[in-house]
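Chains as they are written, first to last, in my numbering: chain A, 1 to 184; chain B, 1001 to 1979; chain C, 2001 to 2093.
Do not take every clue at face value.
[Unchecked claim] Chain A is nowhere near these chain B residues, computed Cβ spacing over 12 Å in every case:
#, residue
1, A1266
2, R1423
3, H1515
4, T1592
5, V1653
6, D1687
7, G1946
[Claimed, not checked] Sample of chain A residues at the chain C side, in silico, Cβ under 10 Å:
#, residue
8, A12
9, R13
10, G51
11, G53
12, T66
13, G67
14, S111
15, T138
Don't read these hints as lab results, they were simulated from the structure.
Because the structure is a prediction, the values reported are computed rather than measured.
Where is the CB? At the ideal position from N, CA and C, for every residue including glycine.
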Amino acid sequence: MPDLSPLCALGARTPRRVTHGALTLTETPECGLASLALRRGTPPPALDLPGPGRWQAADGLTLIWTGPGQWLVELPGAAETDVAATLAGKVPGASITEQTDGWVLFEITSSAGAAPIEHFLERAANIDLARFAPGSATRSPIEHLGTYVLRRAEDRLGIWGMRSAAESLWHALDGIAARMVGRG
Amino acid sequence: MKRLSGGLIDRSQTIHFTFNGKRYQGHPGDTLASALLANCVQLVGRSFKYHRPRGIVSAGSEEPNALVTLREGARAEPNTRATMAELYDGLVARSQNHVGPLNFDLLAVNDLLSPFFAAGFYYKTFMWPRAFWEKLYEPAIRRAAGLGELSELPDPDAYDRGYLHADLLVVGAGPAGLAAALAAGRAGAKVLLADEDFRLGGRLLAESDQLDGAPAQDWVAAVKAELESLPNVRILTRTVIFGVYDHGVYGAVERVSDHLPTPGGAVRQTLWRIVAKRAVLAAGATERHIPFADNDRPGIMLAGAMRAYANRWATAPGTGAPVAIFTNNDDGHRTALDLMAKGIPVAAVIDARRGVERHGEYRLLPQADVIGTQGRLGLHSLTVRTARGSDTLQVGALGVAGGWNPNVHLASHHRGRPVWDERNLAFVPGQGGPGGLFPAGACAGKGSTAEALADGLRAATEALAELGLTTPALPLPRAEARYDNTAPIWHVPGKRRAWVDFQNDVTVKDIVLAHKENMRPVEHLKRWTTLGMATDQGKTANVTALAVMAELTGKTIPQTGTTIFRPPYTGVSLGVLGGGDTGTHFRPRRLTPTHHWAKANGATFVEVGPWMRAQYFVRPGETHWRQSVDREVLSVRADVGLCDVTTLGKVDVQGADATLFLDRLYANAMASLKVGMVRYGLMLREDGTAYDDGTCARLAEDHYVVTTTTANAGPVYRNMEFARQCLWPELDVQLISTTDAWAQIAVAGPKSRELLSRLVDGFDLSNEAFPFMACAPLTICNGLRARLFRISFSGELAYELAVPARYGHALMARLMEAGADLGATPYGTEALGVLRIEKGHAAGAELNGQTTGQMIGLGKMVSSKKDAIGNIMSRREGLAAEKRLLVGLQPVNAADTVVPGSHLFTQGAPRDLAHDQGWITSAAYSPHVGSSIGLAFLEDGANRMGEVITAANPLQGSEVAVRVVPSHFVDPEGGRLRA
Amino acid sequence: MLIPHPLLGLRDAQEFTYLGDARLIDRPTGGNEAELAEYVYLRDNPAGVHRELWFHEQGDRSWLVVTRNTLTHEILGAELARDVSLARKGDMA
């Protein structure tokens, strides 16, 4: 056990959380993240790899398509571990990097079904909601910040943003949710 | 209040509002304009140039005169059209553009001086003496000109931004738009219906005609109910579609809470970016007037607006005196009929056409013109000229009907040119405008209600067919199908001024003057007279103006053409364009992993692009930044300093061909780099210019980490991907940025090894085991994975230690704690800069896009044995002939300051380009040298050591004598690096 | 503008960074300075159909070759630059 204490991306020891109306935003520091890129000669992985615009759950992981031959892989609960080594075990011969602390994960959940999520997305990102059903994942700028947006379910989103811009991204998302309930 | 019967106002509630300090009453459903008219207020403003008294002219967003300042304090909004301001309880408004009270404007003297203020006056008058222009004339003209005033207080309101996607966008909810939206909604398309009004219905709200024998409101209400029930239809009222952009992208502003006393937590406005596969433009038409002598008095308005006020708002202008109509078409007569139906006496319909008949029981003066009006603060009479002579009519108001102009604006964005419709005497949308946009109804020249309904259905059907959707049959109500029979009577010629553009005070005389001055093409006419350039963009004036110009030139109207239409259709506030965030949050910030630690330890920050970096750390007692920076610099070279260098770009490079790839990317040899070693890397642009430097660390056979400067992290990554995907796609290489993932701290100084040995888990840091330029993965602090690089920017024994970013803060605290007895000191970007200048390291100021490897002394590094990017071009004649090389400079007088940007000359040489021998790129005070020092590019610098030259700073009028010295001010042998 | 990304469908041009003429893919490899100079400095700059390079910086980081009419902004197609480059190298092999 290292004798250094980690901080969450928003700068505190514990993750931030806020509720505005039906939406709750939660900083989620415990999710590990790694990048996966197939090399020429990587044997086809045992994992189900999603195609463009999609994410896919497999073997306790969530894989997100990020580019031709490239994915980001969520390893829930594994943020403190060597995720690159773990993934290398599952996909030998691929190019893998640890990405956990390159990013911050904000989960957005609705207590009133899909409508608040769609209302939120309408204001956050230029995404065609008619083509963003659960299972969809896309890179998108939110207030000029690059993010990955995952439609985990009708009433749940995951948003990954650059860790260094965590405060700016939180401010943007928090502001959108607050303005939805007249706390502008 | 004087109200007529009927109207779409809620008489059960009374609203109080204030105009120019006086209290009045109105009802929900009123606009400020309709309520003012109901309260017999005619005078609402003063004109732009001549300060003439003005009244309400229209009932819509085309309003040129009734511009008021709405609200007070920080929310005061100037130039608000009273016709678009929904009335609410407690509304406060003031008129604009007058000195003294509205009815006694001291600046009305401008009207008497009008010959000096004709179009283009500032090109001809107020020219002499020259000095007076800048100091007297221009400020005075500016103060007198202009309309409203800004509050200049911070905007307290919130704004939103959003994105909508649709199959069909319908712009306008009049008969054409409602028919289109209903058809498309029933077809199952995803429909967005937008209207700038607060109610659906468009022109149907203003007319007395029935649909299917029942009030038009019944049909509108039924359509509205059905549209609201369809899940695939979304209605946006109070929403202006202000512009058409490429590929079906539209800009819109929704006025979410402008109509409420305060937003009360809601946003004020939302900026919508709409992507629509197809769109129906059902934007309606705007009436034009007929210029005649003194046609701008309060009480003179557009005839169509006059009947809108009567029908929709149950009010009429004037104080009960009879009303007259001046028209060149049949539509003007309808206003007379509607007014009479509401009990308002009509003095006469003055019809400029010959051979016309009346449509009802009113006095008709055929083949007649209005040639004069009386009543400065409110019309009280007018002069008519008929075939038999002239006559005076006592009237309280005059409605002017000059014909209708289809609102072709959106269809004419993208340089679309409207075409002339001779039958209707109007411009209609032509070919060549934005793709996927289908004009329908009055804006397409199909202005009768029956035509508009049918045309809206037709447009929606065609648009949906292109998307593979079938529109079901839609029965349309029976409606009027009148033809206006407009005659080409564009103005009444005469000696006195006749206004064309009310808002910018442009008259027919000004157009005649423009013609005389040869400003005849419409784009010149517009800019020389300023016609059509005000906030109303000439909506009621443009066509009339070019008709007048056509008469003068003898060309036809289509030959004369229109000016180019550009967004926005109506004004868009900067607040809504700026969006949700202002102030510090307007631009995103990137914070380093040790940001909060640094803040708690006295750091002052500097912006480096989006990053906040610690610039220097202030200790108690330090009052000047030099104290802090000098102390940090000395500490690094004497003990050990700690600096967060996370912001430098890091790119992870892997793959079977990673080595080959990097060797082609860097100017210097990289293929020979061994596993466990780091090498300095220079990158060139393809034209041979140096553009970035950094390091390349080989962690494994096929695994590297490339670092870049902070500023170039993005561009270098982009160029690497370009090389990977476009130049050498056959190579097996994978790239990904890891800049944020690893917190990276520089540990620099003679005690750095000692300090690190207290953190690493049993890792051999000896010089033999881990020499200069080594790298390795390791663990620290009892098992935390980390990476160590022995590289130095300062020239001292130094390392960079990387850990997962969430541990950066704790690592910095631990290093400080563990190094307390060693004098561990945090240092910022200032000290970082001083140290590297002392060492003669090139950085951004030297790699400014104009310099080569040769100039910074790395010419031998640029390999001639490989075709890496830029290497071949770096040897071209022009660059090889470059004589300027990097040197150090020290002031001859130790108290002098070396100023970066200074240019270098031999002493006594003329200070001109021909004798310019180079420039100073970087400078700083060096506590080790005891004076200011600098780095510079100097012609033949290597052979001029010891020479005294002059650093000239003509911008600030100073010169400093400097001595040329080697650029390595500290430890030139490099012994400390390799200790 | 909307760019028809071959894998992701229509994406807003704001997500991209523009570079220029797609001929930049054809980097001369013979080591000839004159050829390289032409590659670096000369462009056709047509008023009409143009093949050009766009980088999907805020998207999947793919380089695309987009065929666009520089007068009307009509976009006639878009391909992965990697595919275009490989095809060219295959042609020249």
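For this session: Against the earlier hints, flag every one the structure doesn't satisfy and list their numbers going up.
Result: 1, 4, 5, 8, 9 and 14
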